[in-house]
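Asker: So the protein lines, in turn, are chains A and B. One point on numbering: in full-length UniProt numbering, the residue at position 472 of the first sequence is 472, and numbering is uninterrupted. One point on numbering: in full-length UniProt numbering, the residue at position 227 of the second sequence is 227, and numbering is uninterrupted.
Because the hints were derived from the structure by calculation, they are not lab data. Just so you know, not all the hints are guaranteed correct.
[Said to hold, decoys possible] In silico contact screen, one side only, chain A against chain B (beta carbon under 7 Å); selected entries:
id : residue
1  : 30
2  : 363
3  : 372
4  : 390
5  : 392
We put the beta carbon where it would ideally sit given N, CA and C, even for glycine.
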Amino acid sequence: MVKTTDVLYYAVHVGELRNIIQWQTWHQAVHERRPEQEAPSLTICFEFLDKTSRSFSAVIQELHPELLVPITLFYLILRGLDTIEDDMTLSLDEKTPLLREFHKYTEKEGWNYKGSGPKEKDRELLVQFQNVTEEFRKVKPAYREIIKDITLKMGNGMADFCLKAEHDVNAVNTIEDYDLYCHYVAGLVGNGLTRLFVESGLANPILLERPQLQESMGLFLQKTNIIRDIKEDLDDKRRFWPKEIWSKYVDKFEDLGKPDNREAALNCSSEMVLDSLNHADQCLFYLAGLKEQSVFNFAAIPQSMAIATLDLVFRNPKIFEKNIKITKGEACRIMMQSTQNLKLVCEVFREFTRKIHKKNTPRDPNFLKISIACGKIEQFIETIYPSQDPKSIVQEPAAPVDPTSKEAKDKAAAAEAKSDLIYMLIAVFGTLFLISCVMLGIAYAFGARFDVAFSELTKGKLSKPTDAGAAQSIIHKYDHGEL
Amino acid sequence: MANVRSSHLPSSVLVIGGCGFLGRHIVSQLLEPSTSTVSVLDLRTTNNRFPGAYYYDADITSPEAVRSVYEKVKPLIIIHTASPTAIQDNASAAQKRGAKALYHKVNVEGTMNLVEQAGKIGCVKAFVYTSSASAIHDGYSDLINADERWPILRAPKQKDAYSESKGIAEELVLAANRKYGDMLTIALRPAGIFGEGDMQLIPNVLKAYQMGQTKFQLGGNENLFDFTYVGNVAYAHILAAVALMDTHALTTQPLDHEKVDGEAFLITNAQPLCFWDFARMVWAAAGDKTSPEQVWTIDKGLGLQLATVIEWLFWFAGGRTPNLTRQKVQYSCMTRYYCVNKAKKLLGYGPRWGMEEAIVRTVKWFQERDAKDGVGKQVQQ
Chain A
1 MVKTTDVLYY AVHVGELRNI IQWQTWHQAV HERRPEQEAP SLTICFEFLD
51 KTSRSFSAVI QELHPELLVP ITLFYLILRG LDTIEDDMTL SLDEKTPLLR
101 EFHKYTEKEG WNYKGSGPKE KDRELLVQFQ NVTEEFRKVK PAYREIIKDI
151 TLKMGNGMAD FCLKAEHDVN AVNTIEDYDL YCHYVAGLVG NGLTRLFVES
201 GLANPILLER PQLQESMGLF LQKTNIIRDI KEDLDDKRRF WPKEIWSKYV
251 DKFEDLGKPD NREAALNCSS EMVLDSLNHA DQCLFYLAGL KEQSVFNFAA
301 IPQSMAIATL DLVFRNPKIF EKNIKITKGE ACRIMMQSTQ NLKLVCEVFR
351 EFTRKIHKKN TPRDPNFLKI SIACGKIEQF IETIYPSQDP KSIVQEPAAP
401 VDPTSKEAKD KAAAAEAKSD LIYMLIAVFG TLFLISCVML GIAYAFGARF
451 DVAFSELTKG KLSKPTDAGA AQSIIHKYDH GEL
Chain B
1 MANVRSSHLP SSVLVIGGCG FLGRHIVSQL LEPSTSTVSV LDLRTTNNRF
51 PGAYYYDADI TSPEAVRSVY EKVKPLIIIH TASPTAIQDN ASAAQKRGAK
101 ALYHKVNVEG TMNLVEQAGK IGCVKAFVYT SSASAIHDGY SDLINADERW
151 PILRAPKQKD AYSESKGIAE ELVLAANRKY GDMLTIALRP AGIFGEGDMQ
201 LIPNVLKAYQ MGQTKFQLGG NENLFDFTYV GNVAYAHILA AVALMDTHAL
251 TTQPLDHEKV DGEAFLITNA QPLCFWDFAR MVWAAAGDKT SPEQVWTIDK
301 GLGLQLATVI EWLFWFAGGR TPNLTRQKVQ YSCMTRYYCV NKAKKLLGYG
351 PRWGMEEAIV RTVKWFQERD AKDGVGKQVQ Q
């Protein structure tokens, strides 16, 4: 469906339209699904994937055949869990056991759940969850164990968080709480996916020894979304921004949305952006461990989108007014750049880091810290793709320079350019001087009184006398002395 | 903040240049709860004295004077941080020639003299030299994430006489490692030092604020730059001395990739940031309220042309150096930052003071000093 506003937007932003057309025309999936060989229940699972996720569906469906089904089901299982956690119509007594036991249901034949609130957008997934469990039981045991383990940990984490939120409106009190919440809903996903990648032999096993990098992959995405969704969360009375941060800028969380507090709210959002930005270099480090192209694309696209989103929300007052997101044209360009190699992904990160840096202002209390965080990302990119090589800086001997060498020629050319410049300047100033002399001469010949003008100027009279009589009297003064 | 490392140092540390900008910070950190005796050798020891340290006046280029102080102090560790102040770029040609000779005399010959006398006296176990990160930079080109693999530059590539003299002296010091019995040597190369007592960086930046130049910016401000807080540089010197003493305690010689003696280490705040961000933070700390929308950006090419014209006009008008020079344009538009992983890994270095805290306390120090003696007003005039 094409909206009129979209047509107008792309009529003006032709470059972005070009990106969309290019992506649609030239992008080739690394691997393609084979729908004709799929069981009916799996086809239903892919339909749900399309319905529940607009951003992940396409990249998941291009995954290596080894991981295509496990990751699709992993996504649907977590989506089911998320739907239960989000559901405000469920009582705590109903919700927490469901969350804690969810990992067991994933393998239970015919299991589904019809108790979700009628407004839950992914309610249907749980109603027909038997398709997921049926397919999940066919998955290789090693993958199944990983997915169940993450589901168990995430379910428990969500249940703990729901309990806490019941007693305290500021369930996310400290930055530590914030990190822990993001760990449950996103950091664990990073861990689970890494284990799946390594188990299938499509990623460097060393990633398993770097839990901090896996964590950052999840946290960078989650924290960026939490900043972007502030308006929606304010409206729904949900609080994910930690009190430790917002209390520095406003007295009450709701005040963030009030137009009178825009400046304070913006500074607060800057600190949130800073917190997220600090994960960026570790995400690039992680991506260096992925070898298989489809896995790389799957992991890299969301990260590139996140840095672009971070730029979009940084010092943008609109986040408190409406839901904003990257335009489709921009998204297509980022996807093209993120589905090739790490170097291009680094370029995307560098580009948006610089854009963030450009908007940074010394009036913001986080100014220097943001500047340093941007510097850290640039320096990290330099460590993986150095732009200078110390070996090329060899000491040249002071021997006479070969006149035919390129350097000598360059030097001669530079010297010539310099003398050209000097002659040009002389010519320009000389001409100006000559013209000035001619003009002054003509004025003198027609009777201009430079002596009068000069001495009146030295008395500080810069404008000409208002009427002719005054001018005459001045002239008289000079011709006849003081009267 | 208690300095845990300095208490590891045994008795008798001699800080050469200990009344200078960096030296006095080293002395102050050495005097934090510790068991060592701290002595200072400097050309003049009237300024920046600390109770508890012993002060000796001597010229480092004189063998007799240095030997006599060494004999009195019997130092186990020498930290050599003495160096003449690098002249400003608005000095005349004659001043520049004079300065070049002075740099050679103090930095090269003076350092050689200090090392030789230390080797001869026999009690010195560790010799720490303050080199400069500019030894590997020509003062002109971009230097991006450089580390210790980059070569020390000599003329004609090295265009700055001060930097060249520091590089030559560093090579002399490192060549003396294990040459005189078991005396070990090490060199530290700090980049862009600022802090309390700073004579160059912060005073210049504050002067621009007092003259109302905060609304101008040369270049796009995408050039990362390393600025290093003096306290962190002083701390690195203590770590270097401890590392040399630890090497002494080893029964075997360390492996090449673990070796600290005879090695040079780059030292920064490990927080490179864009050139103008540093200036803006200093100005903001001093009270400036300029926001980015108000700033006029003059791009590098135009800046260079303007500077050329202005330099010519000033030359016609009698040879003074203007406020805007090509060298200043070049400096504020170039990228210059380093990688300090070697110091992190082998010396256990990490900045004790972050950039923000360092800038705030430095600006406060200058404002308090200016309020005390009214220097601020003089600068404005």
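Asker: Any hints from earlier that this structure breaks? Give me their numbers in increasing order, please.
Answerer: Violated hints (numbers, rising): 1 and 5; every other hint is consistent with the structure.
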